[in-house]
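In case you want the letters, here they are:
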Amino acid sequence: MSANPPPIAGFFPRDRTWHPKALTPDYKTSVLRSPARPLVAFGNTLSETTGPAFGHDMLGPLDNDLTLNFARPGMSAIGERIIVGGRVLDEAGRPVPNVLIEFWQANAGGRYRHKKDGYLAPLDPDFGGCGRTISDDKGGYHFRTVRPGPYPWPNGPNDWRPAHIHFSVFGHGFAQRLITQMYFEGDPLIARCPIVRTINDPKAIAQLTARLDMNASVPMDALAYRFDIVLRGSRSTLFDNRMEGN
Amino acid sequence: MTGSTLPPLYPFRESPSQTAGPYVHIGLTPNVCGITGVYAADLGATMVSATTKGQRITLEGRIIDGSGAPLKDALVEIWQADADGVYHARATEAFCGWARSAADPDTGVFRFETVKPGRVPFPDGRLQAPHINVWIVARGINLGLNTRIYFADEAEANEADPVLGRIEHRDRVATLIASGDGQTYCHDIHLQGPQETVFFDI
Ligand SMILES: [Fe+3]
Numbered sequence: 001m002s003a004n005p006p007p008i009a010g011f012f013p014r015d016r017t018w019h020p021k022a023l024t025p026d027y028k029t030s031v032l033r034s035p036a037r038p039l040v041a042f043g044n045t046l047s048e049t050t051g052p053a054f055g056h057d058m059l060g061p062l063d064n065d066l067t068l069n070f071a072r073p074g075m076s077a078i079g080e081r082i083i084v085g086g087r088v089l090d091e092a093g094r095p096v097p098n099v100l101i102e103f104w105q106a107n108a109g110g111r112y113r114h115k116k117d118g119y120l121a122p123l124d125p126d127f128g129g130c131g132r133t134i135s136d137d138k139g140g141y142h143f144r145t146v147r148p149g150p151y152p153w154p155n156g157p158n159d160w161r162p163a164h165i166h167f168s169v170f171g172h173g174f175a176q177r178l179i180t181q182m183y184f185e186g187d188p189l190i191a192r193c194p195i196v197r198t199i200n201d202p203k204a205i206a207q208l209t210a211r212l213d214m215n216a217s218v219p220m221d222a223l224a225y226r227f228d229i230v231l232r233g234s235r236s237t238l239f240d241n242r243m244e245g246n
Numbered sequence: 001m002t003g004s005t006l007p008p009l010y011p012f013r014e015s016p017s018q019t020a021g022p023y024v025h026i027g028l029t030p031n032v033c034g035i036t037g038v039y040a041a042d043l044g045a046t047m048v049s050a051t052t053k054g055q056r057i058t059l060e061g062r063i064i065d066g067s068g069a070p071l072k073d074a075l076v077e078i079w080q081a082d083a084d085g086v087y088h089a090r091a092t093e094a095f096c097g098w099a100r101s102a103a104d105p106d107t108g109v110f111r112f113e114t115v116k117p118g119r120v121p122f123p124d125g126r127l128q129a130p131h132i133n134v135w136i137v138a139r140g141i142n143l144g145l146n147t148r149i150y151f152a153d154e155a156e157a158n159e160a161d162p163v164l165g166r167i168e169h170r171d172r173v174a175t176l177i178a179s180g181d182g183q184t185y186c187h188d189i190h191l192q193g194p195q196e197t198v199f200f201d202i
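As they're listed, the protein sequences go chains S and H.
Note that the UniProt record's numbering gives residue 3 to position 3 of the first sequence, counting from 1, and the numbers run on in steps of one.
Note that the UniProt record's numbering gives residue 150 to position 150 of the second sequence, counting from 1, and the numbers run on in steps of one.
No wet-lab data here; the hints were simulated from the structure.
Among the hints, erroneous ones may be present.
No farther apart than 27 Å at their CA atoms in a straight line, the calculated lysine-lysine pairs in the DSSO-like style are these [unchecked claim]: (1) H:Lys53 with S:Lys21; (2) S:Lys21 with S:Lys203; (3) S:Lys21 with S:Lys138; (4) S:Lys116 with S:Lys203; (5) S:Lys203 with S:Lys138; (6) H:Lys72 with S:Lys116; (7) S:Lys115 with H:Lys53; (8) S:Lys28 with H:Lys53; (9) S:Lys138 with S:Lys28.
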């Protein structure tokens, strides 16, 4: 693997039937926030194939540990201790190294540290709820946290979000920018959630469902969940005219 | 999908998007929403320094929903070339072409202090008009929205811009053009309605 990947000629088109549609009325907030006119398509230019890069040197030692990064000295966040990790890949299965991954979540009780969150579950004084890391040279990443609680939200009369972690991922081009959410294997709230159900294909929902990975867990310390992230594939300039998905 | 029984040509599909939700600022601009001490500063807060070349500008605007109300929980990221039309993946001391701004929780205004970008080539060698690439996420937006901001005082370049040229309904081109006095440019982005902004499938 080269430290300087060849310039990107363009990304694989986004499959907009795989992603949620903009207008999904069962998720009520989408009704007034969804563009109604067709998107205008054009081939990628440098404006789309380039994007910001971040160095490992920007990370603090606790950036990937939500159990400690907001905790008072000697304390740690309350909840079920977990390690979340996996790989960042592209659609051709190639690792995507050196990309920034940011994550945020509610605490173990399902409460966010945010002035607009009025859920009666308590704040944890030792939990902030944000973290970040950068994928390694094989696309791998991991972080420590506590398993977030489910929480109710105003949509239908009794809608609850399944336990989830929000993810923001950069690629190597601005057109790869992606925000999504990770769910937990076995959560009965996944199938009931109007936000999850903005996605049509059960296989796509399965792709956002992290699996319990006992082999990656640390005995007497933390369970592990495996969550691979896939970004758009790309054609590189040097091999523009070759057929294999270089 | 075609219903073909052949195995897929590529082993993976892009992770499907989910909304950034109402608390996106906890993750992406934690200092703005009162979570301090985790990161020294929010990422993407500063683009220019004393050594930045080019015409300093302030870009501000709002994201407007279908009822005419500004989104107060949106997050906007921009990506742009420097004054010479060059994209820098790595921020330098002089310039960072990427930034993010949380909409103001009371007014919904996003703001960037930057420089006017230079012209970037289109793949066929023509020059694109100066523009800033914009990505918008928020509660209620299921997949981040891509648009661009062009400049009203670049009429000639805008006229020849290959991307603006792709817009079939010419009256919609105006939805991508920020007006300004050379220092401050204002640009509201409309998610719906008669002024709906052009969003791109890139
Ligand atoms: Fe959430």
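Right, here's what the structure says about each hint:
Taken as a hint, the lysine 53 of chain H and lysine 21 of chain S pair is broken in the structure, with Cα atoms around 41 Å apart against an allowance of 27 Å. With a C-alpha separation of about 16 Å, the suggested pair lysine 21 of chain S and lysine 203 of chain S falls inside the 27 Å cut-off, and the hint holds. Straight-line distance between C-alpha atoms of lysine 21 of chain S and lysine 138 of chain S comes to about 32 Å, which puts the hinted pair past the 27 Å bound. Distance check on the hinted pair: lysine 116 of chain S and lysine 203 of chain S sit about 33 Å apart at the alpha-carbon level, beyond 27 Å; violated.
A threshold of 27 Å between alpha carbons decides the hint, and for lysine 203 of chain S with lysine 138 of chain S the separation of about 25 Å falls inside it, so the pair holds. For the suggested pair lysine 72 of chain H and lysine 116 of chain S, the alpha carbons sit about 12 Å apart, so the restraint of at most 27 Å is met. With a C-alpha separation of about 39 Å, the suggested pairing of lysine 115 of chain S with lysine 53 of chain H is violated against the 27 Å cut-off. Distance restraint check for lysine 28 of chain S and lysine 53 of chain H: the Cα-Cα separation of roughly 45 Å exceeds the 27 Å cut-off, and the hinted pair is therefore not satisfied.
A C-alpha spacing of about 40 Å is found between lysine 138 of chain S and lysine 28 of chain S, which places the hinted pair above 27 Å, so the restraint is violated.
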